[in-house]
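Novice: As a plain string of letters, each chain reads:
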Amino acid sequence: MLPLISKAQAADELDSEQAFFLELPVVLTASRLTQPVDEAPNAITIIDRQMIKASGFRRIPELLRLVPGMYVGSQNGHSMFASYHGTTDNFSRRMQVLVDGRSVYLPPYSMVIWDDLPVLLEDIERIEVIRGPAAASHGANSTQGVINIITREADNFVPNEVTVRQGGNGIKDASMTFARRGESFSQRLSAGYRADGGYDLPQFTDDNRTSMFNWRTAYHPNGEDAFDFQTGYSQSVRGDGIVGRNQAPDRNLLTEHDYAQLIWTRALADGAEWQLRYHYTHSAYDDDQVSYYRDGVNLYPKVNVQTRRHDIEAQHTASWSTGHRLVWGGGARLDGVSSTSLFYYHPAPTLRQWRVFAHDEWRMQHDWLLNVGAMWEDDGMGHHNVSPRVALNYHFTPNHTLRIGASLAYRNPAVIEEYGNTDPLTPGGFLASGGLQPERMLAREIAYLGHFPETGWMVEARLFSDHLRGQIYLDPLRNASGGFNNASFKNLYLVRYSGWEGSLKYQQEGNALTVNFSRQQAACEADGLPTWISDTRVKGWFDEWLRQCPKAVPTNAGSVLAEHHLTQTLAISAGYYYQDEVQVLDAQRPQTFMHRMDIKITRSFGKRGVASGGEVALVMQNMFRDTHTEYANLPQQGYPSLDRRAYLLATFLY
Amino acid sequence: MTAVPTFSPLSYTNILPRKSEHRIALIRWLVLVCSVLSFQTLQAAPLKVSLALSEEREVYRAFESALRDSLDAHQEIQILPSGNVAQAELIVAIGAQAANDFRGSSIPVLNVMVSRAGLEKIGRDSNSGSSGIYMDQPMARRFSLLRAALPQTKSVGVLISNESPQLAAAKQLSSASGYRLHIQTVATPDHLASSLSALLADSDVLLVLPDAEIYRSDTIRNILLESYRQQVPMIGLSQNYVRAGALCAVYSTPLQIAEQTARVVAQFAKTGKLPDYQYPHEFEVSVNTQVARSLGLTIKSAEQLRIEIGGNP
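Heads up: the protein sequence lines correspond to chains A and B, in order. First residue of the first sequence: 1, per my numbering; consecutive thereafter. First residue of the second sequence: 1, per my numbering; consecutive thereafter.
One or more of the hints may lead you astray.
[Claimed, not checked] Quick look at which bits of chain B chain A covers, simulated, 3 or more residues with Cβ under 8 Å:
hint : segment
1    : 195-201
2    : 224-238
3    : 243-257
4    : 286-298
[What the hints assert, rightly or not] Residues from chain B that keep clear of chain A, each with C-beta distances beyond 10 Å, as calculated:
hint : residue
5    : Ala73
6    : Ile77
7    : Val85
8    : Ser105
9    : Gln152
10   : Thr219
11   : Arg221
12   : Arg263
13   : Thr271
14   : Gly272
15   : His281
16   : Asn312
Derived by calculation from the structure, the hints in this document are not laboratory data. Note that beta-carbon positions come from the ideal geometry of N, C-alpha and C, so glycine has one too.
Please model the entire structure based on the sequences and the hints provided.
Specialist: As structure tokens, then:
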């Protein structure tokens, strides 16, 4: 029960000089030490716990509003999507999303279903967002960026926590974490429930509830080896559709997500280390449209998708010569999808993917740092890509850095884009003709980073130019004889993004301020032609897409998050989010200018961050009742928007 | 040597009848022999030193071997075979166990490879014939390193289980240097986690004080991870701490302490007196540059820091 004291008592009282000879394991190993933002080869935004708490947000994608240049949309009260640089439809396909290094960017759509992730907000340590391609260090499909969600480890020194939220629109959340830390074995259990009634529109069915649990263990049998095992499960019921409609009727979506991951790290001499990682992910999506009958006829087929992924990766980190730090490794992945509604005539093949990667950080001189890396991959569809990246960081003074970088990255076609063949009864069905090429992203940037330690300010600004070639989109009339399924997919567009973005951060004595801004534009042109371009309807559709495409990027967007401690126990935080009008590619009409303000007032009790302490808070979202509309891709009466809502939060640490 | 001819058998025979003269000569001879012998003893008989190891341990062996090498240069010092303590004129007690074994010994003892706290527990004042070289660095030197390595520091955190002389020194130096010293006492091990989190929230740096109840090979992991998580650098006690993930440490190697020990032993051989207890004179500084970078700290090189805090160029 009291291992430390009993051991200490048993230990020789005279052994106090052992403090100086103590053999200690290498704890802060190379892979554990994060690269400081001014030495990284990419622009990085970090959303830490303090920001997560101050924002008052309840869902992970909402937090991404705190990333410059990130568009966050919501199809309804629960199904959100995030896309760096916008230009997306509600299947956001160009960002890699990792949870503790495990990719949750899943087939068949190659997207992330955020509400399914068995990740409790209370478990998140921080979210690191890489703005720009980072295939060399984060694997395939990190085409526009990487969102890496890092959760608390089993042996983190944090008190257990119970959190409850309750408020308007049926907000009812509860979560609990429980950890047991031992000398060599620790475990952490967390479970939670999140529910709300979605948006206020009465004809909108979007009430939702998600339950989840996670179990994580850390085992350190000796000084060299560490084993991190995690497993988790989530189950979600989400209302979808519109009351009284034939297309997209109101019904429930049932989803499940479960996973297990084991990471074995072995520390070697001189800070080098080996890491072996295996994970398994299963997700199931069950859209029970079959329950919708009209006049005794079953109008829509049931959509059921099962996805299974196995992934194994080995990685070695070492300093192979003075000034060099090399990370290299390789991995294999098996992606299997089964769905009778999406793969009606032919099942989707199981994809066997391979990758090898190497990244070298070369400190050429004290103030010059060169990051060079590349990844080679076989996407299992017959494509072999090499994604290189090079960035030069120059610290012209120790606290001021210039970075210039270029990288190339690919997005492999989604399984559904390459192999989809839907049930002929599915509205908007398609029959993929295959033969797609990966989308190719060329990104270039110049950035400045400044740090003013005396005053607690940090500045980051960058100019970027990203070219996305061969963007895959719907080929609306591919199979003239395909019956209902006459659409396919094709590499059709070239989009050039350019602009600048910046952030300003201040932190001093617990008070914090973050300001993000981005100004960007997209220029879109044809990089291929739809099969039946001779058809006037197809031509009209294609031209319309090209005309709308630049509007799919909000010209100006930004966010401000401020936290101020009025007294020892009273704090106020405010989040302000704005975004110019934006036309999401598949939306019925543009989203109007957003000008939203959230306020959180927190009263804490007990000692900060210590068991038996805690806080109660009032969160008001869209405080000033801004009337902006959200994304909507169905013709409907009224458009979803977030009205002012408030909830109470109570957290108790034990 | 005028007396030498009197020893010849011939002259002996010649003087034989003169009995009184014979007696005087004999005494003179004995005095001479004795004086010659005793003169030779003072000049050539080396100081007998016994090295007593606490236990078979790599670090003690390394020290012993370094000490033997250093003492080899001194002909006036003889190292007795191990275990031969009875004939020793000076015992070098290596480690705390040996210090305890020879506590109150009538033979002078030089305690080395032992912490100040350990020696104080044994009660060094009970044996006035002993002295020693502490393993610890003087607290002032550790504070010099703190100032040189992290000039922005305003508040220093220490985690303790008990009051100690180190803590008293840290308190004194903090107020002299204008640092806020946050002291967190860990009542029971269950409180280590919460005590540490609370301490780190208020501290710019975590200064490790030797404390066997807090800093152990099985707790260091969590302590380092938590301090890294809260972006608070740790100032360790040894190179092992730095390797594990502490930002920096000032420490003396067994070789440096062995050389200092050899100098003290040689001084004893010459004067018959042991100097007072002392701290290591020579030291090294170690810096974990990867940790520094990751914490976004600009830190001088280990060698620059060593010179800056008074190390020999």
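Novice: All hints are to be evaluated individually against the structure, with a verdict given for each.
Specialist: Comparing the hints with the structure gives:
Coverage of the segment 195-201 of chain B by chain A holds. Counting CB-CB distances below 8 Å, 4 residues qualify, and the rule asks for three or more. Figure legend: the segment 224-238 of chain B, annotated as covered by chain A; annotation consistent (7 residues with Cβ-Cβ distances under 8 Å, at least 3 required). Only when three residues or more bring their CB closer than 8 Å to a CB of chain A does the claim for the segment 243-257 of chain B stand; here the count is 4, and the claim holds. By the rule of at least three residues with a Cβ nearer than 8 Å to a Cβ of chain A, the coverage given for the segment 286-298 of chain B holds, with 8 such residues.
Listed as a non-interface residue, Ala73/B keeps its Cβ farther than 10 Å from every Cβ of chain A; the least gap is roughly 27 Å. Distance check for Ile77/B against chain A: the nearest CB is about 25 Å away, which clears 10 Å, and the non-interface claim stands. Every CB of chain A lies more than 10 Å from the CB of Val85/B, the least distance being 19 Å, so the non-interface label holds. Consistency note on Ser105/B: stated as away from chain A, and its beta-carbon is indeed over 10 Å from all of that chain's, at 16 Å minimum.
Residue-level check failed: Gln152/B sits 6 Å from the nearest beta carbon of chain A, not beyond 10 Å. The claim that Thr219/B is not at the interface with chain A is violated, since a C-beta of that chain comes within 10 Å of its own (minimum 7 Å). Under the 10 Å C-beta cut-off, the non-interface status given to Arg221/B relative to chain A is violated; the minimum distance is some 5 Å. Every beta carbon of chain A lies more than 10 Å from that of Arg263/B, the smallest distance being close to 21 Å; the non-interface claim holds.
With a cut of 10 Å on Cβ distances, Thr271/B stays outside the contact zone with chain A, its closest approach being about 28 Å. With 10 Å as the threshold on Cβ separation, the claim that Gly272/B sits away from chain A holds: the shortest Cβ distance comes to roughly 28 Å. Non-interface status of His281/B relative to chain A is upheld: no Cβ of that chain comes within 10 Å, the nearest being about 16 Å off. For Asn312/B, the non-interface assignment is confirmed: its Cβ lies about 21 Å from the closest Cβ of chain A, beyond the 10 Å cut-off.
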